[in-house]
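Taking the hints into account, I'd like the entire structure generated from these sequences.
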Amino acid sequence: MQLILPELDSPATLVLDRKNRLSDDEYFDFCMANPDVRIERTAEGEIVIVPAAGGESDYRNTDVTSQLRQWSKMDRRGRAFGCSVQFILPDGSSLSPDAVWVSNEHIATLTKEQLRRFLPVVPEFVVEVMSPSDRLRAAQRKMRQWMDNGVEFGWLIDGDNQCVYVYRKGSEVQQVSGVTEIAGEGPVEGFVLDLTEIWEGL
Amino acid sequence: MQIALPELDAPATLVLDPENRFSDDEYFSFCMANPDLQIERTAQGEIVIVPPAGGESDNRNWDVSGQLYTWVKKTGRGKGFGPSAQFMLPDGGAMSPDSAWVSDANLATLTKEQRRRFLPVVPEFVVEIMSPSDRLRAAHRKMRQWMSNGVELGWLIDGDDRCVYVYRSGRDMLEMRGLSQIAGEGPVEGFVLDLAEIWEGL
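These protein sequence lines map, in sequence, to chains U and D.
Numbering follows the numbering used here, with no gaps: position 135 of the first sequence is 135.
Numbering follows the numbering used here, with no gaps: position 96 of the second sequence is 96.
If you are wondering where the hints come from, they were derived from the structure by calculation, not from laboratory data.
Computed from a predicted model, the values in this text were never measured in an experiment.
For every residue, glycine included, the Cβ atom is placed at its ideal position computed from N, Cα and C.
Computed spacing ranges between beta-carbons, pair by pair: (1) U:Asp-36 / D:Met-173: 44 to 50 Å; (2) D:Met-173 / U:Gln-174: 54 to 60 Å; (3) D:Gly-55 / U:Thr-62: 47 to 53 Å; (4) U:Glu-113 / D:Met-1: 28 to 34 Å.
Here it is as structure tokens:
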């Protein structure tokens, strides 16, 4: 059954009847059947349809993932991913970060089969870059969900307001403004993200 | 945006961001863009996607609509509607009953333009027939929504259980069993629905 939706300015949630909740495999198949749509799943099994990010967001995302990938290749202790990968988290939700780094140890816990689908592992480091359809409260809620699920270190980047919200396991969130670069900590110590192009936008 | 939905055997709800609710026109366009789906809207602006009813339900609906049609033709009073008609209700919801009857006086309030879209009137009489994807609690909730929006007489027919729940404006709901027919009251006084074929099913 095809559903034609108008272009969305903000995420829409599809709530399925309890009888129709999707298993992890069915959810993966559903995402694969909709390759042009960004989809996530809440802990309650609700499907969240995320509107396309738009040019400037994609530009900012790509900047972050490129820098992260470059560093991780040099550092060699883990792998960097972009926004197509999805993680199945302990609370049952399935989320895609804009950029992410997972240690080799964590990756080693996955079978070859698991590596080809959504990853049932918690990344150590995530970056979310706010897009025009994001609202700050929802973006912060998503960051807290990452942290509650065991992420050790995270950045929420607000390009329009030129600030970074830094999330550290076991600490209060810290808002950092007026910086042109930001240094990674904990699992990604040594990674320095240059923020200039992100602040400049498109 | 096109989404391939998973198979549904119960209604799914699409919850839009409160700031991005569909206007009545957008909602109408959305329904028209999805002619193969039965779609309704709650008072909160949530979109409910109802799976197709299936053969036996459709046959029961057709039976009721057919009998109502015959009576309307004979009396020349008011107009009958089937399950494609949708009524825009005072509480903001938009619903399609399986059968409905609207008085001439009520219809006269509509412009020609309004008659070609979803009808911004409250029918005096509605019939809902339970389909396999319906659950009793949800079906009663829908009946209560009809009544709280101003419907005068409503019948909820459970073909499998051979029971009719009679909703009358300002009175308690009646559960009626052991009937082979049921007489209309109030706005549809004189209409008698033969239940034999409905109880027999397919």
